[in-house]
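Asks: Protein chains in written order, with the working numbering: chain A, 1 to 452; chain B, 1001 to 1552.
Note that these hints are calculated values from the structure, not bench results. Please read all numbers here as calculations on a predicted model, not as lab measurements. Among the clues, some could well be false.
[As the list claims (entries may be wrong)] In silico lysine-lysine, DSS-like type, Cα no more than 27 Å apart, as pairs:
| hint | chain 1 | residue 1 | chain 2 | residue 2 |
| --- | --- | --- | --- | --- |
| 1 | B | LYS1034 | A | LYS442 |
| 2 | B | LYS1114 | A | LYS376 |
| 3 | A | LYS21 | B | LYS1032 |
| 4 | B | LYS1114 | B | LYS1162 |
| 5 | B | LYS1458 | B | LYS1477 |
| 6 | B | LYS1458 | B | LYS1479 |
| 7 | B | LYS1477 | A | LYS376 |
| 8 | A | LYS49 | B | LYS1034 |
| 9 | A | LYS259 | A | LYS21 |
| 10 | B | LYS1450 | B | LYS1410 |
[Stated by the list, open to error] Here are some of the chain A residues that sit facing chain B, going by a computed Cβ distance under 7 Å:
| hint | residue |
| --- | --- |
| 11 | GLY24 |
| 12 | GLY26 |
| 13 | SER115 |
| 14 | TYR188 |
| 15 | GLY197 |
| 16 | THR274 |
| 17 | TYR368 |
Ideal Cβ positions, reconstructed from N, Cα and C, are used throughout, including at glycine.
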Amino acid sequence: MIEYQTLTQVTGPLIFLEGIKNVGYGEIVEIETDGERRRGQILELNRDKAIIEVFEGTRGMDVKKTKVRFTGKTMSLGVSKDMVGSVFSGLGEPLKGRIVAEEELDIQGKPINPSAREYPKEFIETGISSIDLMNSLVRGQKLPIFSGVGLPHTELITQIAKQARLLTGEDFLIVFAGMGIGYDEARYFREEFEKTGALERIVLFLNTATDPAIERLATPRVALTAAEHFAWNLDYHVLVVLTDMTSYCNSLREVSSAKEEIPSRRGYPSYLYTDLATIYERSGRITGKKGSITMVPVLTMPEDDITHPIPDLTGYITEGQVLLSRDLFRKGVYPPVDLLSSLSRLMSKGVGRGLTRDDHKSMSNQCYANLAEVEKLRALISIIGEEGLTETDKRYLEWANRFEREFINQDENERRGIKQSLEKAWELLSIIPEERLKRIEKDLMKRYMRGE
Amino acid sequence: MIKGRIERVTGPVVVAEGMLGARMWDVVEIGKGKLLGEIIKLVGERAFIEVYEDTNGLEIKEPVVSLGKPFTVELGPGLMGSIYDGLGRPLERIKKELGSFIRKGIRLTTLDRKRKWKFEPKVRKGEEVSGGSVLGSVREGSIVHKIMVPDGTEGKVKSVRKGEFSIEESVCELNNGKRVKMLQEWEVRRTRPYRSKVGLSEPLITGQRVIDSLFPVGKGGNVCVPGGFGSGKTVLESAITKNCDSDINIVCRTGERGNEVTDIINELNESKDRKGRPLMEKSILIVNTSNMPVVARETSIYTAITIGEYFRDQGYNSIVLIDSTSRWAEALREVSGRLEELPGEEGYPVYMESYVGEYHERSGRVENMNGSFGSLTLISSVSPPGADFSEPVTQAVLRATKVFWGLDQKLAWRRHFPAMNWLISYSRHLDDMLPWFKKNVSKDWDVVTKNLRAILQKEAELERVVRVVGIGVLPEKEKFILEIARIVREDFLQQDAFHTEDSYTPLDKQYALMRDVVKLYEKGLKEIESGKTTDQILTKSVKERMARVKYD
Ligand SMILES: Nc1ncnc2c1ncn2[C@@H]1O[C@H](COP(=O)(O)OP(=O)(O)O)[C@@H](O)[C@H]1O
Ligand SMILES: [Mg+2]
Chain A
1 MIEYQTLTQV
11 TGPLIFLEGI
21 KNVGYGEIVE
31 IETDGERRRG
41 QILELNRDKA
51 IIEVFEGTRG
61 MDVKKTKVRF
71 TGKTMSLGVS
81 KDMVGSVFSG
91 LGEPLKGRIV
101 AEEELDIQGK
111 PINPSAREYP
121 KEFIETGISS
131 IDLMNSLVRG
141 QKLPIFSGVG
151 LPHTELITQI
161 AKQARLLTGE
171 DFLIVFAGMG
181 IGYDEARYFR
191 EEFEKTGALE
201 RIVLFLNTAT
211 DPAIERLATP
221 RVALTAAEHF
231 AWNLDYHVLV
241 VLTDMTSYCN
251 SLREVSSAKE
261 EIPSRRGYPS
271 YLYTDLATIY
281 ERSGRITGKK
291 GSITMVPVLT
301 MPEDDITHPI
311 PDLTGYITEG
321 QVLLSRDLFR
331 KGVYPPVDLL
341 SSLSRLMSKG
351 VGRGLTRDDH
361 KSMSNQCYAN
371 LAEVEKLRAL
381 ISIIGEEGLT
391 ETDKRYLEWA
401 NRFEREFINQ
411 DENERRGIKQ
421 SLEKAWELLS
431 IIPEERLKRI
441 EKDLMKRYMR
451 GE
Chain B
1001 MIKGRIERVT
1011 GPVVVAEGML
1021 GARMWDVVEI
1031 GKGKLLGEII
1041 KLVGERAFIE
1051 VYEDTNGLEI
1061 KEPVVSLGKP
1071 FTVELGPGLM
1081 GSIYDGLGRP
1091 LERIKKELGS
1101 FIRKGIRLTT
1111 LDRKRKWKFE
1121 PKVRKGEEVS
1131 GGSVLGSVRE
1141 GSIVHKIMVP
1151 DGTEGKVKSV
1161 RKGEFSIEES
1171 VCELNNGKRV
1181 KMLQEWEVRR
1191 TRPYRSKVGL
1201 SEPLITGQRV
1211 IDSLFPVGKG
1221 GNVCVPGGFG
1231 SGKTVLESAI
1241 TKNCDSDINI
1251 VCRTGERGNE
1261 VTDIINELNE
1271 SKDRKGRPLM
1281 EKSILIVNTS
1291 NMPVVARETS
1301 IYTAITIGEY
1311 FRDQGYNSIV
1321 LIDSTSRWAE
1331 ALREVSGRLE
1341 ELPGEEGYPV
1351 YMESYVGEYH
1361 ERSGRVENMN
1371 GSFGSLTLIS
1381 SVSPPGADFS
1391 EPVTQAVLRA
1401 TKVFWGLDQK
1411 LAWRRHFPAM
1421 NWLISYSRHL
1431 DDMLPWFKKN
1441 VSKDWDVVTK
1451 NLRAILQKEA
1461 ELERVVRVVG
1471 IGVLPEKEKF
1481 ILEIARIVRE
1491 DFLQQDAFHT
1501 EDSYTPLDKQ
1511 YALMRDVVKL
1521 YEKGLKEIES
1531 GKTTDQILTK
1541 SVKERMARVK
1551 YD
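Using the sequences and the hints, build the whole thing.
Replies: If you want it as structure tokens, here you go:
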């Protein structure tokens, strides 16, 4: 392997090298300064010059002594079924012991041929009413949680990961990728699993807040490469948790700005959409393969702003979103899911007769219609007060208050079956005058409302 | 043959030196793996190339070879019911031959060379033919696929053959020795020729109430459909694809979700059109999902439009549905950024708007070279960042189109679907379409639709008042108008795309629904004058009836 000692510049997470020959675009390099080894990747080739992004960051590097070696390989991960139960760094190195790799896989993965996909429609019961009844998750879906700083997304994602299973009872293998998160968050997640003795169901990749920011760019891809091995080669049903994608995006912005690229909105690179898509689109089902990849990424919206580029572009890629609301959180509702701004795009074909229950779709539609009515009423009240409200209006408000307290709200350890969620929803629905229940067919009304 | 070498690699852009003589837009093969790309800028002997595939692994000094012609797509029998990527590569065949994942450097032709088609000649010996003339046809499922003389070829028919042929065999020979085969190629960035554009006179019937009744698009028209994420762009385009009375559907999904592609494939395979034909038989999909290489997104819409024009030339009404134009524009921006061009607004290259204008011009109703009439309707969704319609791509598409279906995220979050904001949307085809509606649906179509619009307009004004003083103090008449408007919104404008009965409403029923509400409104206003209250007029049973009729 030829070694170069021809650095010309160090800027942010990037180093500039010249005099190089016969190297490939995107290749992985090994970098050594004073005995410390790091890894990097070629971002640009120009004649004999290269720009390299250093995963561990450039702290302590100099232009004189630093040596660079080209590996001739793109970034890869050694995968094995023994990874289950272990913890890895954000670059995929085991924190303890060694794993004997069965195979080396390029962490970029390859796009799934769209005509090879199988449409996801197996309902996953998370035991959480606001998700199961209102924003149903199905196997192979990517459904992110849009959260805010200080909101209980860690609790929610942990609860989902612990409880998620098919109605037939099958559990998931959990691949957890932490990016820029605190140790306590990672520990919470691990301990919760330990409590239930389900540690042999998870593979953890951790890039914590104190680890180099640039390493985060590899973490979701490393985790997904492991997930793909389990799903497509070993027939597992994998649930991938990625948190916090906002940290990931901010690292991407950092690299882009060091490269002096023309920034798009709020300084994020113009290829943020495509970059995120190459992560999220790795979920799915494939015709003829037994396994699946379901993804629940978490992101914290800067200033709780859903139009910020990170949630905005994510919403354009993912198959819906579960939005957490600060208002509900303040009211003490857990999980504080703002239903009107939440959506599951794969719900319509994954629920209903033969899948969950025949009243599922209508009930969810009706609850949404009610919530929309309530939203209008509350906006009105905030201006003109409660005077002038009609009898019907008041019933809507009563429904909303009880819906928040009794339906959305539940315990962090409570698992509610989909039938239980439906029963609760029917009970509350009796508050609303019947002629307003336009989304519920007459026969459902008879059977479930009046028990005929 | 012009052969240069790689000098620089940055993302999807490669710069090659030693390319003197290469031409703008020529297709090149890059590196040992022969990746495909096209020349987008020339400076001296340097060619700037956008590469259709992942550039990882390319090395400095690897060869770059110009193929000496611009990017073309194959046209001919075999297109119907197929799924291609943005470069016209057959995704189904790729799956069969290479597995579930897409690799680099795949070279499979768009059309199958081996398959034989039964050619039915239409011309006779001695007839004069020229570009566009129909020589005969083959049947592709329920579609009669017309075989035309390629542009630039003309002469007298010397002989024409009947029988089974592959697309590369000659089916007709001309006096000047030229042979015509069923396979044609066309440069995707060039408009296919026609005699003249003619006015639009017939609406595209979609079965979507808010569209047909309030914001119709003519066959040959173009539509801008912007909306934030979740506002219903994709569902709306799918509903149109499934239900509209087009002859040919070209569904172009670019830079979006893989699962949505599977969804539309399944739906087209499982359902029939209004004439009872399997939908897939009249459809072609061009697909470049968001995780597939970026540059091919840019090409995909040209590929889709070219195929749309090809069927228009055969005298068909084709529609091209693009989802989403923004992803195309972003691909343009990404490449432009790598070229270090001077950025325009939001980083988009300054030529973005003129490109949008150019390809939207390719829609229209035309008299074809062969004298038939055909149309290409172009429906483009736009995904504005932060759902802000003032952004450059939305504005560029708005300027290039005549119909605007503004999808509103707020309506969508309230589950009002289709979330088309009736106060901002418009159709500049209304006047041109009116004679058709009056003749084919009802003489008072204009009166009824006008009244319906007036109710919604009135509601918007009243809501502003309510927001200040509350609903309690409104006079009875205005309360009544608000209740009628609620019926219009909930029972007419809202339409559930997933509900078997609700997803399609024939025109006469749309008319009947509107007429009933308007009647109820007019009668009610009189009753209010004579002292009745809103609750007495809009009783529980009246409301229930209005809510149920659309399902009957
Ligand atoms: N006409 C409709 N009827 C019922 N639901 C709809 C309709 N249009 C959209 N939706 C709902 O909205 C969701 C998002 O729609 P989609 O077309 O995917 O949005 P976009 O493409 O604008 O992001 C769908 O998954 C569906 O739940
Ligand atoms: Mg969409």
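Asks: Against each hint, give a clear statement of whether it holds in the structure.
Replies: Consistency of the hints with the structure:
1. B/LYS1034 <-> A/LYS442: Outside the cut-off at roughly 63 Å; violated.
2. B/LYS1114 <-> A/LYS376: Status violated; Cα separation ~62 Å.
3. A/LYS21 <-> B/LYS1032: Given that 27 Å is the threshold and the Cα spacing comes to 16 Å, the pair holds.
4. B/LYS1114 <-> B/LYS1162: 18 Å, holds
5. B/LYS1458 <-> B/LYS1477: 12 Å, holds
6. B/LYS1458 <-> B/LYS1479: 11 Å, holds
7. B/LYS1477 <-> A/LYS376: This hinted pair holds, its Cα atoms lying about 21 Å apart.
8. A/LYS49 <-> B/LYS1034: OK: A/LYS49 and B/LYS1034 at ~23 Å, within 27 Å.
9. A/LYS259 <-> A/LYS21: 22 Å, holds
10. B/LYS1450 <-> B/LYS1410: The hint holds at about 25 Å.
11. GLY24: 4 Å, holds
12. GLY26: At 3 Å from the nearest chain B Cβ, A/GLY26 passes the 7 Å test, so the hint holds.
13. SER115: 4 Å, holds
14. TYR188: Violated: closest Cβ of chain B sits about 31 Å from A/TYR188, beyond 7 Å.
15. GLY197: Cβ of A/GLY197 sits 34 Å from chain B, so the hint is violated.
16. THR274: Where the cut-off is 7 Å and the nearest Cβ of chain B is about 6 Å from A/THR274, the hint holds.
17. TYR368: It holds, given that the least Cβ distance between A/TYR368 and chain B is near 4 Å, below 7 Å.
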